[in-house]
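In the order they appear, the protein sequences are chains E and H. Residue 208 in the working numbering is what sits at position 208 of the first sequence, and the numbering runs on without skipping anything. Residue 101 in the working numbering is what sits at position 101 of the second sequence, and the numbering runs on without skipping anything.
FYI, nobody ran anything at the bench for these hints, they're computed from the structure. Just so you know, even glycine gets a beta-carbon here, dropped at the ideal spot from N, CA and C.
Sample of chain E residues at the chain H side, in silico, Cβ under 8 Å:
#	residue
1	54
2	56
3	74
4	82
5	107
With a cut-off of at most 20 Å between alpha-carbon atoms, the simulated EDC-like pairs for lysine to aspartate or glutamate come out as follows:
#	chain 1	residue 1	chain 2	residue 2
6	E	104	H	97
7	E	104	H	108
8	E	32	E	164
9	E	7	E	57
10	E	37	E	212
11	E	37	E	178
12	E	7	E	212
13	E	7	E	22
14	E	104	E	74
15	E	7	E	74
16	H	176	H	96
17	E	104	H	16
18	H	176	E	16
19	E	104	E	127
20	E	104	H	13
A few chain H positions that, by computed beta-carbon distances, are all more than 10 Å from chain E:
#	residue
21	63
22	77
23	206
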Amino acid sequence: MAALLLKVNELFCERDERILFENLNFDLHAGKILHVKGKNGSGKTSLLRILCGLYQEYEGQIDFLEENVQEVRDLYNQSLLFIGHHVSVKQALTPRENLNWYAKIHPQLDASLIESALSSVGLQNYEDVLCQNLSAGQKRRVNLARLFMFAKERFTNSLWILDEPFTAIDVDGVEKLERRILYYIENGGSVILTTHQPLQIGAVVEQLNLDDWGT
Amino acid sequence: MLLNQGIYSGNRDGFEVVHMIRAFWAELNRDLLLAFRRRGDLLNPLLFFVMVVVLFPLGVSPAADFLAQLAPGVLWVCALLAALLSLDNLFKSDYEDGTLEQLVLSSESNYMTAMAKAIAHWLTTGLLLALMAPLLALMLFLPTEAIPVLVISLLLGTPTLSLIGAIAAALTVGLKKGGVLISLLVIPLYIPVLIFGASAVQNATLGLPVAAHFAILGAMLIMSLVLAPFAIAASLRMSVSS
Numbered sequence: 001m002a003a004l005l006l007k008v009n010e011l012f013c014e015r016d017e018r019i020l021f022e023n024l025n026f027d028l029h030a031g032k033i034l035h036v037k038g039k040n041g042s043g044k045t046s047l048l049r050i051l052c053g054l055y056q057e058y059e060g061q062i063d064f065l066e067e068n069v070q071e072v073r074d075l076y077n078q079s080l081l082f083i084g085h086h087v088s089v090k091q092a093l094t095p096r097e098n099l100n101w102y103a104k105i106h107p108q109l110d111a112s113l114i115e116s117a118l119s120s121v122g123l124q125n126y127e128d129v130l131c132q133n134l135s136a137g138q139k140r141r142v143n144l145a146r147l148f149m150f151a152k153e154r155f156t157n158s159l160w161i162l163d164e165p166f167t168a169i170d171v172d173g174v175e176k177l178e179r180r181i182l183y184y185i186e187n188g189g190s191v192i193l194t195t196h197q198p199l200q201i202g203a204v205v206e207q208l209n210l211d212d213w214g215t
Numbered sequence: 001m002l003l004n005q006g007i008y009s010g011n012r013d014g015f016e017v018v019h020m021i022r023a024f025w026a027e028l029n030r031d032l033l034l035a036f037r038r039r040g041d042l043l044n045p046l047l048f049f050v051m052v053v054v055l056f057p058l059g060v061s062p063a064a065d066f067l068a069q070l071a072p073g074v075l076w077v078c079a080l081l082a083a084l085l086s087l088d089n090l091f092k093s094d095y096e097d098g099t100l101e102q103l104v105l106s107s108e109s110n111y112m113t114a115m116a117k118a119i120a121h122w123l124t125t126g127l128l129l130a131l132m133a134p135l136l137a138l139m140l141f142l143p144t145e146a147i148p149v150l151v152i153s154l155l156l157g158t159p160t161l162s163l164i165g166a167i168a169a170a171l172t173v174g175l176k177k178g179g180v181l182i183s184l185l186v187i188p189l190y191i192p193v194l195i196f197g198a199s200a201v202q203n204a205t206l207g208l209p210v211a212a213h214f215a216i217l218g219a220m221l222i223m224s225l226v227l228a229p230f231a232i233a234a235s236l237r238m239s240v241s242s
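Construct the entire structure; sequences and hints are all you get.
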């Protein structure tokens, strides 16, 4: 039986006097993908930010490996990779410098994988170009290269939270990302993601539709 | 039980310390590199400092003895305002491009990274202002024996300004018009630094001892160096999560 990675209990979130979700319960086991669905404004991003610990205005409990996430925050942060809506890339730095910084502040990322990660996202020969000279899609790819830097020995009991990871990525790129996600979960990782595109991952994807949980 | 498996077993505390120090250098390194890439922005506080000090004699009086009397206060006030002006951008661009939230996710406390950002701010403003000050002091006819005291007082005082200012900058980073609020928040806290900094220079011009002033500036620096990062980190966490 795979470890119970994340247990969400009676989660409630309200924004601008509108209840996004209440009594939300779900479990996420290691090696599983959870696809969070819902209309625009249904609270997908809010949920993902709550799960990352980046949004505190909620009620309910989140357990990571059967401990309250508030109490194991450091361990949780080091098991987590979050890709949000922001570019999360410094324009005045090169892709290599950006990823180097990430590897140093997030110990779960391996700096020795920067080269291979950049070529995995199709940015070979762009390592030392300032990000301000890259296209929007290429900047997103620099950010997504972090998925390819996640150290394999840390896959077990780790979690990727991906908010619309496929935005501005071409068909080839999406396919590569899906292959990476599949490789990751097959080796013990878990993924929570939102996307409006149909997922082509050859694995069981659990669904969570937020339209059913709010008002 | 599960938490003790795999790579997390063993000396987690030691790992935490190493991680925090690595994150500290990474953040300092990145901020300095960014400042270097945008050298033009580095000049802003310096230009402000120079312009106000240059315009002052033109607007008031060019008489040497009059200027010498005013010089300690004028130099300190201008340096303080120059440091204050640069605070607005301390966290703004990181907040907007999302690297700030990634930084907040890097560790539970963010104490070291918050300190790194404040130190980077000082290295790119306060330090440069302190190095620039002797030139402007000569222009205002500050007695030469007071110039080392001016530089030392700025070197001791401006880091405190950066650390305290970073708290206000972190609190207001999520707001659209945080700039005014920053000034309102930090000016009262800057006053003690200004008083002891300026009066150290004043004492030096009169040939009075300045050790006590330096001691108090140093004490304020150490206190803010130890305590301000907690407040900066907590404020950043709050600003990111709204």
